[in-house]
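Single-letter residue listing:
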Amino acid sequence: MFGRHKPLWGKKTRLKSSYDAVIIGGGLHGLATAYFLARDHDLTNVAVIEKRYIGFGGGGRNTAIVRANQRTSQNVPLYKEALALWPVLTRELDYNLMFFNCGNLNLMHSEAAMNAARMNVATAQFHGVESHLIDAKQCKELIPALNISDDITYPILGAMYHPPGGIVRHDAVVWGLAKGAARHGVHIHQQTAVTGIGVANGQIVSVETDRGKIHTPRVLLAAGGYSAAISYHMLGIKLPISVLTIQAMVTQPLKPILNHVVSSGTYHAYANQTLKGEIATGAHMDPWPNYTTQTTAYYIKHQAEALAEMLPCLRGVKFMRHWAGLADMTPDMAPIMDGNAPLKGYFMNCGWGYFGFKSCAAAGKYMARFMATGNCPDMLKPFTLRRFAQHRLMGETAALMSYSPDN
Amino acid sequence: MALTLTCPICGQRNGYEFRYGGEEKGPRPDEEGLSPEDWCDYVHLNKCVAGIQKEWWFHRDGCGAWFTTQRDTTVNLEVEQPEAQL
Ligand SMILES: Cc1cc2nc3c(=O)[nH]c(=O)nc-3n(C[C@H](O)[C@H](O)[C@H](O)COP(=O)(O)OP(=O)(O)OC[C@H]3O[C@@H](n4cnc5c(N)ncnc54)[C@H](O)[C@@H]3O)c2cc1C
Ligand SMILES: [Zn+2]
Chain A
21 MFGRHKPLWG KKTRLKSSYD AVIIGGGLHG LATAYFLARD HDLTNVAVIE
71 KRYIGFGGGG RNTAIVRANQ RTSQNVPLYK EALALWPVLT RELDYNLMFF
121 NCGNLNLMHS EAAMNAARMN VATAQFHGVE SHLIDAKQCK ELIPALNISD
171 DITYPILGAM YHPPGGIVRH DAVVWGLAKG AARHGVHIHQ QTAVTGIGVA
221 NGQIVSVETD RGKIHTPRVL LAAGGYSAAI SYHMLGIKLP ISVLTIQAMV
271 TQPLKPILNH VVSSGTYHAY ANQTLKGEIA TGAHMDPWPN YTTQTTAYYI
321 KHQAEALAEM LPCLRGVKFM RHWAGLADMT PDMAPIMDGN APLKGYFMNC
371 GWGYFGFKSC AAAGKYMARF MATGNCPDML KPFTLRRFAQ HRLMGETAAL
421 MSYSPDN
Chain B
3 MALTLTCPIC GQRNGYEFRY GGEEKGPRPD EEGLSPEDWC DYVHLNKCVA
53 GIQKEWWFHR DGCGAWFTTQ RDTTVNLEVE QPEAQL
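In order, the protein sequences belong to chains A and B.
Take any residue in the first sequence, count from 1 to its spot, add 20: that is its number in the working numbering.
Take any residue in the second sequence, count from 1 to its spot, add 2: that is its number in the working numbering.
No wet-lab data here; the hints were simulated from the structure.
Check each hint, because a few of them may be wrong.
[Unchecked claim] Listed below are the simulated DMTMM-like cross-link pairs for lysine to aspartate or glutamate, each with C-alpha atoms no more than 25 Å apart in a straight line:
no., chain 1, residue 1, chain 2, residue 2
1, A, Lys401, A, Asp62
2, B, Lys49, A, Glu228
3, A, Lys258, B, Glu34
4, A, Lys258, B, Glu33
5, A, Lys71, B, Asp32
6, A, Lys364, B, Glu39
7, A, Lys364, B, Asp43
8, A, Lys258, B, Asp43
9, A, Lys401, B, Glu33
10, A, Lys321, B, Glu19
11, A, Lys296, A, Glu161
12, B, Lys49, B, Glu33
13, A, Lys401, B, Glu80
14, A, Lys364, A, Asp60
15, A, Lys258, B, Asp40
16, A, Lys31, A, Asp62
17, A, Lys258, B, Glu19
18, A, Lys258, B, Glu39
19, A, Lys364, B, Asp40
20, A, Lys401, B, Glu19
21, A, Lys258, B, Glu80
22, A, Lys258, B, Glu26
23, A, Lys321, B, Asp63
24, B, Lys49, A, Asp230
25, A, Lys401, A, Asp114
26, B, Lys49, A, Glu416
27, A, Lys258, B, Asp63
[As the list claims (entries may be wrong)] If you anchor each label on the Cβ, the simulated ranges turn out as follows:
no., chain 1, residue 1, chain 2, residue 2, range
28, B, Pro38, A, Gly415, 14 to 24 Å
29, B, Gly53, A, Arg34, 32 to 42 Å
30, B, Ala67, A, Gly148, 45 to 55 Å
31, A, Gly222, B, Gly64, 41 to 51 Å
32, B, Gly53, A, Ile320, 24 to 34 Å
33, B, Gly64, A, Ala419, 16 to 26 Å
Every residue gets a Cβ at the ideal spot worked out from N, C-alpha and C, and that includes glycine.
Pulled out of the complex, with its shape left as it was, chain B reads as follows (with noise of 0.2 Å):
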């Protein structure tokens, strides 16, 4: 099954109108204090968990907006979640 991908203002398209942006992780760190290994450690490491992961998607062929979904990597299908935010 192709990837689906549903967009808070959209509804559900097609996974390639989407550019993929990244593992959901938590606030950009505060630069005051921020040594390079936390700095690394926001923009470059990942999980790449085989399961379910929280993340971002642009919708680049669509509306232009940002938001995170659930999707099982393991399958690469969306999860059914009570709703997703912008």
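Excised from the complex, chain A in its bound form (with noise of 0.2 Å):
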């Protein structure tokens, strides 16, 4: 992968002394904020360093499911331009991500979700985002091997129907990208991991490679799970984030019979059909923070039995491969995206859970102006690293995610 061929996104650079801005982590953000500071802001002495490969974190790993329903007034714009984004940057970077806008069901088991369903759907439609309320009749009428039979564990009520959602080729974005930012000048540097920071005077001045140092005034930090840790044991800074690891995995292909996402809250698993035919479906974290990947009987357990409810012509088909990756939760199940605070030139991309690939083009928009201006874009004015002393944590989930001994 690394040895003599030439990357797929370009030739080959040197690491340089210096940069304008260094970007912590090939991931999506990275990578997207790579993008939009080279074509929007001229911004092409950047690089981005990765410690393994470009789309080793999430960005490689994830289910690809992209959707702008979010809960609240302050997400749903950032999404909704994301969603409008993948056509656009499929054509501007000339490679085929592959959007397949088969629409999300998320199906709705109690009269406590559809009501908090109808408060979503409200929240969308004011924003101009496509989502309706339905039955589960209309459920059945999209997606045929749903089980709408009340013998299951829990029965399904109707769902919130998101028509312009689907999947989006995740492989295909990080690479993308990478060609996209390459073009216009932007370094990437696999292989190389950033071990420290250096401030002076409370400015960024350099980042620590392990294949030396680099002088800049500006630094991203990107590092998906990673980022947590990386602020830490590098500044000292703690961030409001917990660490987990997500699974996933995939059934065997399979002829069309799934055309549209379908998630369940209450079951804890989603599923779509891939273009190759097989059921991508996952959901649930091991609800303790850790740094591994490692994968669970638990989970296949877990996932085959909610399967095997809601879409029971999938009982007895086969799991072909399951893995897993990291997510960095904050309590309010919302990013932090900040900048200048609380060293100058120091600016943060993180806390991106298992929602960071929907996102990833229009956060790397208006992170690349917040680097290239120095200002906040009011865009991302709500999402500050401060909102948590503040008190105004975002409702993106109903119930704070808290993993304190208080509660």
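Could you fit the two chains together into a complex? Lean on the hints.
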């Protein structure tokens, strides 16, 4: 992968001793930010430093679901713009991102959930995002394989139906953004680990790597699940993050049976059929922080049970592959995007948990603007790290995701 | 290897019986004169150590005890220690 071969995105570059900006992490958000720094702001003397290979993190492990029907008014516009960017980027990057806007059904299993969905749908409609509440019969019309009888553990009452969502080929996004950034002159250095961040008088001055020191006035922390540890180990800055393992798996390829993304919070499961025919499914997280990407038989069993109830025609179908990645979870299930704080020239874009694929294009675009101009765009203001001390947490989750001894 | 934890009452049990309770952050701070930043630090901020950390657990599907133990987050295994504390 690394040897003498020419990288897919362009020619190999030499690691320079200084750049105008250094991005830690060749994942979705790092590459997207690099691309927009170059495209929109002429900041091309930029290095993306990647410890392993681009897409090693969540970028290459996610289940590729995209949608824009989040809960809060601060989040929906960002995701809406991200969703609209897939066809634009496909053309611009000259790379087939395989956007398949098959629509998402988010199943509801109680009257309380139906009421919560009503609020969600209203928020989406207010922001011009198509979203409808449908009943069980309409769910069955859209997904004939769905079990809407009441002889299952959690009978289906209806769904939040979001036609513009769907799936995008996740690796293609990584490679396409890398290609686009490199074409504008950005340097991508794989097999290079950031080992320290240099600060003088409250200002970023350099980044240490295992291949030498880089002088730079700006650094973006975009290391996905590794961001919180980097922040604490290298700068002593603690973040409101818990890093959990999230697992996913695919079945053997099948003929087309599932033409939508279907998800259920109650069953803790989502599924969609990839363009290859596999049913890609996942959702659960091991509820303890760790940095392994271990998979467990516990979740294969859980996933099989959930799918066998919701989509009974999948009984007996075999799982072919099972993998895991890290999710950097914040208490309010919204990311942290901040800059020039607490250090000048220090930017962060992390806390994306298990929803950082769908957002990466828009987040990268606005983070690039923030880094280039030094002014936080309005779109990003609610995502400041300071919201936690100001008790201005976002309501992306009804109950805080909290892992503390006080609850 | 799968995670097991040593409950001070029930002994070594399957990790899925327990609920994680957060990093050990010392005693709850005094509310008198507490700044929002210090409260935030205690409630929300984590070190997310890549290595051994001291942490809280609750034996949810067992005896209900809260206890602290040490675990290596890079391998997700409890670390041998003299004895767990209630
Ligand atoms: C199983 C699974 C399913 C998911 N499904 C979905 C989904 O359906 N939809 C969705 O929107 N999101 C999903 N996600 C979440 C999404 O993948 C992440 O939120 C997203 O990848 C975060 O992007 P990132 O750029 O912040 O980090 P990443 O893509 O993880 O990239 C971070 C990079 O930083 C590198 N790095 C780490 N440390 C260093 C260092 N010291 N120096 C240099 N580089 C370093 C890593 O090697 C990595 O390549 C899923 C995640 C997982 C694991
Ligand atoms: Zn016990």
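Violating hint indices (sorted, rising): Violated: hints 5, 9, 13, 17, 20, 25 and 27.
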